[in-house]
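Protein chains: 2
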Amino acid sequence: MRYLQQIVIVAVLMQLLVSTWARTRFVREPSLVASSLWNEIEEIDNNESGSDHGVVDRSTFWPSKAKKAYHYGMEERRKKYLGEPVNFQGGHSLQGLWAMPGRHKTISMKRTTMSSPVIDRFDLFTIVFNIIISIIGGIVVNRLIPMLKEKFIKAQLWGYDLNKRNSKEIKVAESQGVIVAGIFLVLMFIMIAIVFSEHLHPESDFPNHKFVEYLAALLSICCMVLLGFADDVIDIRWNVKLWLPMIASLPLLLVYFANYHSTTIILPKPVRPYFGQQWNLGILYYVYMSMVAIFCTHAINILAGVNGLEVGQSVIIAGSVLIFNLIELQGICAEEHLFSLYFMIPLIACSIPLLIRNWCPAEVFVGDTYCYFAGMTFAVIGILGHFSKTMLLFFIPQIINFLLSVPQLFKFIPCPRHRLPKLDPALNKLNPSDVEFKKKDLKPLGWLMLRFFSLTKFIRYREYQNNDNETMINTTNFTIINSVLCWFGPLHEEKLSRILMLIQLVFGSLLTFFVRYYLVRFFYDS
Amino acid sequence: MRYLQQIVIVAVLMQLLVSTWARTRFVREPSLVASSLWNEIEEIDNNESGSDHGVVDRSTFWPSKAKKAYHYGMEERRKKYLGEPVNFQGGHSLQGLWAMPGRHKTISMKRTTMSSPVIDRFDLFTIVFNIIISIIGGIVVNRLIPMLKEKFIKAQLWGYDLNKRNSKEIKVAESQGVIVAGIFLVLMFIMIAIVFSEHLHPESDFPNHKFVEYLAALLSICCMVLLGFADDVIDIRWNVKLWLPMIASLPLLLVYFANYHSTTIILPKPVRPYFGQQWNLGILYYVYMSMVAIFCTHAINILAGVNGLEVGQSVIIAGSVLIFNLIELQGICAEEHLFSLYFMIPLIACSIPLLIRNWCPAEVFVGDTYCYFAGMTFAVIGILGHFSKTMLLFFIPQIINFLLSVPQLFKFIPCPRHRLPKLDPALNKLNPSDVEFKKKDLKPLGWLMLRFFSLTKFIRYREYQNNDNETMINTTNFTIINSVLCWFGPLHEEKLSRILMLIQLVFGSLLTFFVRYYLVRFFYDS
Chain A
1 MRYLQQIVIV AVLMQLLVST WARTRFVREP SLVASSLWNE IEEIDNNESG
51 SDHGVVDRST FWPSKAKKAY HYGMEERRKK YLGEPVNFQG GHSLQGLWAM
101 PGRHKTISMK RTTMSSPVID RFDLFTIVFN IIISIIGGIV VNRLIPMLKE
151 KFIKAQLWGY DLNKRNSKEI KVAESQGVIV AGIFLVLMFI MIAIVFSEHL
201 HPESDFPNHK FVEYLAALLS ICCMVLLGFA DDVIDIRWNV KLWLPMIASL
251 PLLLVYFANY HSTTIILPKP VRPYFGQQWN LGILYYVYMS MVAIFCTHAI
301 NILAGVNGLE VGQSVIIAGS VLIFNLIELQ GICAEEHLFS LYFMIPLIAC
351 SIPLLIRNWC PAEVFVGDTY CYFAGMTFAV IGILGHFSKT MLLFFIPQII
401 NFLLSVPQLF KFIPCPRHRL PKLDPALNKL NPSDVEFKKK DLKPLGWLML
451 RFFSLTKFIR YREYQNNDNE TMINTTNFTI INSVLCWFGP LHEEKLSRIL
501 MLIQLVFGSL LTFFVRYYLV RFFYDS
Chain B
1 MRYLQQIVIV AVLMQLLVST WARTRFVREP SLVASSLWNE IEEIDNNESG
51 SDHGVVDRST FWPSKAKKAY HYGMEERRKK YLGEPVNFQG GHSLQGLWAM
101 PGRHKTISMK RTTMSSPVID RFDLFTIVFN IIISIIGGIV VNRLIPMLKE
151 KFIKAQLWGY DLNKRNSKEI KVAESQGVIV AGIFLVLMFI MIAIVFSEHL
201 HPESDFPNHK FVEYLAALLS ICCMVLLGFA DDVIDIRWNV KLWLPMIASL
251 PLLLVYFANY HSTTIILPKP VRPYFGQQWN LGILYYVYMS MVAIFCTHAI
301 NILAGVNGLE VGQSVIIAGS VLIFNLIELQ GICAEEHLFS LYFMIPLIAC
351 SIPLLIRNWC PAEVFVGDTY CYFAGMTFAV IGILGHFSKT MLLFFIPQII
401 NFLLSVPQLF KFIPCPRHRL PKLDPALNKL NPSDVEFKKK DLKPLGWLML
451 RFFSLTKFIR YREYQNNDNE TMINTTNFTI INSVLCWFGP LHEEKLSRIL
501 MLIQLVFGSL LTFFVRYYLV RFFYDS
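Just so you know, the protein sequences line up as chains A and B, in that order.
The first sequence: position 301 = 301 (this note's numbering), numbered continuously.
The second sequence: position 284 = 284 (this note's numbering), numbered continuously.
This is chain A alone, in the form it adopts within the complex:
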């Protein structure tokens, strides 16, 4: 609680400080209320009144002034994005709530420079603010985990660390992800208030179309945290877990429809002669986005089971997205990437303390809560930030792991309850776990998959005769973790984690940046 209070107090103080500074620094000559612009709006308004047959505008939803401001808002936004001078200085009374610096700067660039920096002083302030509260949030998480650990164990939220010699001796607290997610949500609630504080004066247009994005994003994330935590506490059946993210992503899809509703994809150059320049996917695009939500939510959860792996990969993905956002912040989709940035900074800051405590040997476990939380956050950012394809590239190791898991997930090959590596107590190293079954039980498709992944070295299998003279197959389980153990022999758990992190870094991040900034030119026009 003390920490929460600190966050709130720091937020309010910074808010007050900056707004005071902004008032003395930016709000000059308040009498010059951009009169010409207001007149224009007046004119539009008059025309409108004319067109609705003289009906007195009494019960309309927005008051007249707000409507004017709305018109004005669209102008301002357009001008901002075209690099036009923005001179609106009025409407900054302290009447409603406290005032904020707002967008009072004057950009004077040529109309033709579409790639002008669209991040203004206020956006920079919000980023700095975000960084500060994220750091505070991280510190809070760092303090809360050891404080609450015992409470979790008492509430039966604990597990044994199976990859250790003394595994059955120590109870390790589970579901610590809920602490991260809780603090993340608190930070984001404060962040929303800050981001939209520039519109907190009575004559401002409130950008509802932006606001819905934040709310829908947080709603989906919050639902997944709830689902994850409920799953940790009472095991939820896998088919419920599979489809709930889809329902939780419904608001996201609606927001996408409301704000963009473009479902047209531009095809890469090589296929254009055959399929045309672009395709309108229509409803299929929404199905695709739903699938992204489901995939991302579960992707992290199925590449798990080794100390530090779940948080480690999330932090690497989040870091990569952060770098990607920072690069793209100079581009024409700056607003979307700013949106993403606001989520990534607290995610990283709150995850790092958990990573430290979850790293081998794990002091705490993250639980499904963390996996769903991080996964859904990425999905949300990808969908609303308009880079779901790039986001999927960051998930390449997870995609490979998923494809590799398909034979076992869909029962082409028998799947044991757990596919975690096996500990060799003598060496204190991990071996790939395996599964045994009769060769005659294997269907042709299963056999094909076995052969394919064996040829591509992802698994190792051998045939032998059992006592009843039946041909048996013994194969390592179909996960990247076991594949790594096949490639590099028995490994200590920490070394395994490091290698998996390296794979994430190389095949998730570096490869993506290579594809996104180098390879892309061969497929799309710049």
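Hints are computed from structural coordinates only; laboratory data are not their basis.
Model, not experiment: these values are computed from the prediction.
Any given hint might turn out to be false.
The list treats identical chains as one, so a pair stands whether inside a single copy or across any two.
[Claimed, not checked] Result set (BS3-like, lysine-lysine): computed pairs, CA atoms no more than 30 Å apart in a straight line: (1) LYS495 x LYS168; (2) LYS429 x LYS443; (3) LYS269 x LYS443; (4) LYS495 x LYS429; (5) LYS171 x LYS269; (6) LYS389 x LYS149; (7) LYS210 x LYS440; (8) LYS411 x LYS151; (9) LYS154 x LYS171; (10) LYS495 x LYS164; (11) LYS154 x LYS168; (12) LYS171 x LYS457; (13) LYS429 x LYS168; (14) LYS457 x LYS422; (15) LYS164 x LYS149; (16) LYS443 x LYS151; (17) LYS168 x LYS149; (18) LYS154 x LYS439; (19) LYS154 x LYS422; (20) LYS154 x LYS164; (21) LYS210 x LYS438; (22) LYS457 x LYS154; (23) LYS457 x LYS149.
Put chain B on the given structure of chain A with help from the hints.
Here is chain B on its own, set in the frame of chain A:
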């Protein structure tokens, strides 16, 4: 899962059915695309282009067509509320997603009838749809509770029913509210998609200002469910629990600011000569709304501890709000009351199965999850439905209970860990529980409170000499539950529940309707 699938399938089927029916029934002569109206919009648009100095509108957020539709939307809304003819028949292609009946009716009423019914055919459809999925949701809850009960007990989410003779023998599953809340959230996600489905064609204006209300409401509720469930699993400190609802209500306040930002209250007639006709509360109004959120979230939780009480009072409040909404649906704030209706119907439908199983003798407990969930739902509805004052009237018993609890909550009088009634095993009836302390430890304010509540018959206290010849005070605990037991003598738990329900009904609901529809005329102009 089967139930979820059923809900989704029924939703999609109904959607398709109604949209097919609507297309054959309402969408006549698609060539007559309300040409005059579009021309008007064209005109406005031309004027606008003229006024922004010929800047080519390329990077503006909404495409030109959407902007026109936006203008059109405002017209349509205004006309709808003024009872003007609405004739828009165009734009209903099945291109984007499937089509919906939309607002294709023609209301032809006099412009002067401000109280014309503003609920149209589509709204009626959504209400019917809401009722149907709510019933399905209720059935699902009814099936899920017995299915999941054992899982909750296994997850250490259980408690003893202290007011029973055999209390220590049976483990009763706790936190069943999370099932209700989960199904409620799923229903509301589907509901959102249905409510906004009329805007799911590419040329529609998407009413973001309405959409934010739903999202903010669900976000706040979802956060409180998470908090409640976390509180059930790992006890959270009371000061965290006290302030988190405030943070969770931040988006609500922003939505209120964005959509209404009126903070002016009209004063009742008797005080107008002294204080004026109206007051602009400014930021204080937001503080008030925050307080409403905090109060409602905790109000149900502090009037608890008897079988069926938490759900019972919630169902009565929800039912009263429902009736209030249905009455007001004919008024000028129909849209807000429709919004409230969408939440109340599933809340009641999902709560009733829980009430049946929580009624004396309780088969399951509801947990903090349910209390926070129901409380926050009421707070959200009150704030965004613009009847927070009426909502508080529905909470009269809770307010009295809170005021009665103040001396113990704020330690003017010693507060034991539990203030539940005491079971008399011989009679199997409940007696008021009590607390003993030395008279000399009592501060003057505490003494005053003790005397006041004793005179008003809410508590019973007596003084006596202990063995050390010190004057001791023995007083019943300061809760409505104990007060009822003071008034009516020892009662069986079920009878106590019934009386408390009656109090809720009389002092919560009937009194409110009396105040709201009769007494109000003496204080405000009609």
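Results of checking the hints against the structure:
| no. | hint | result |
| --- | --- | --- |
| 1 | LYS495 x LYS168 | within (22 Å within a copy, 51 Å between copies) |
| 2 | LYS429 x LYS443 | neither (34 Å within a copy, 67 Å between copies) |
| 3 | LYS269 x LYS443 | neither (40 Å within a copy, 84 Å between copies) |
| 4 | LYS495 x LYS429 | within (10 Å within a copy, 65 Å between copies) |
| 5 | LYS171 x LYS269 | neither (56 Å within a copy, 66 Å between copies) |
| 6 | LYS389 x LYS149 | neither (38 Å within a copy, 42 Å between copies) |
| 7 | LYS210 x LYS440 | neither (58 Å within a copy, 60 Å between copies) |
| 8 | LYS411 x LYS151 | between (38 Å within a copy, 27 Å between copies) |
| 9 | LYS154 x LYS171 | both (10 Å within a copy, 18 Å between copies) |
| 10 | LYS495 x LYS164 | within (14 Å within a copy, 57 Å between copies) |
| 11 | LYS154 x LYS168 | both (17 Å within a copy, 20 Å between copies) |
| 12 | LYS171 x LYS457 | neither (36 Å within a copy, 52 Å between copies) |
| 13 | LYS429 x LYS168 | within (17 Å within a copy, 48 Å between copies) |
| 14 | LYS457 x LYS422 | within (19 Å within a copy, 70 Å between copies) |
| 15 | LYS164 x LYS149 | within (20 Å within a copy, 34 Å between copies) |
| 16 | LYS443 x LYS151 | neither (48 Å within a copy, 36 Å between copies) |
| 17 | LYS168 x LYS149 | both (18 Å within a copy, 29 Å between copies) |
| 18 | LYS154 x LYS439 | neither (46 Å within a copy, 39 Å between copies) |
| 19 | LYS154 x LYS422 | both (28 Å within a copy, 28 Å between copies) |
| 20 | LYS154 x LYS164 | both (22 Å within a copy, 26 Å between copies) |
| 21 | LYS210 x LYS438 | neither (57 Å within a copy, 60 Å between copies) |
| 22 | LYS457 x LYS154 | neither (44 Å within a copy, 42 Å between copies) |
| 23 | LYS457 x LYS149 | neither (41 Å within a copy, 46 Å between copies) |
In this structure, the earlier hints numbered 2, 3, 5, 6, 7, 12, 16, 18, 21, 22, 23 are contradicted, and the remaining ones agree with it.
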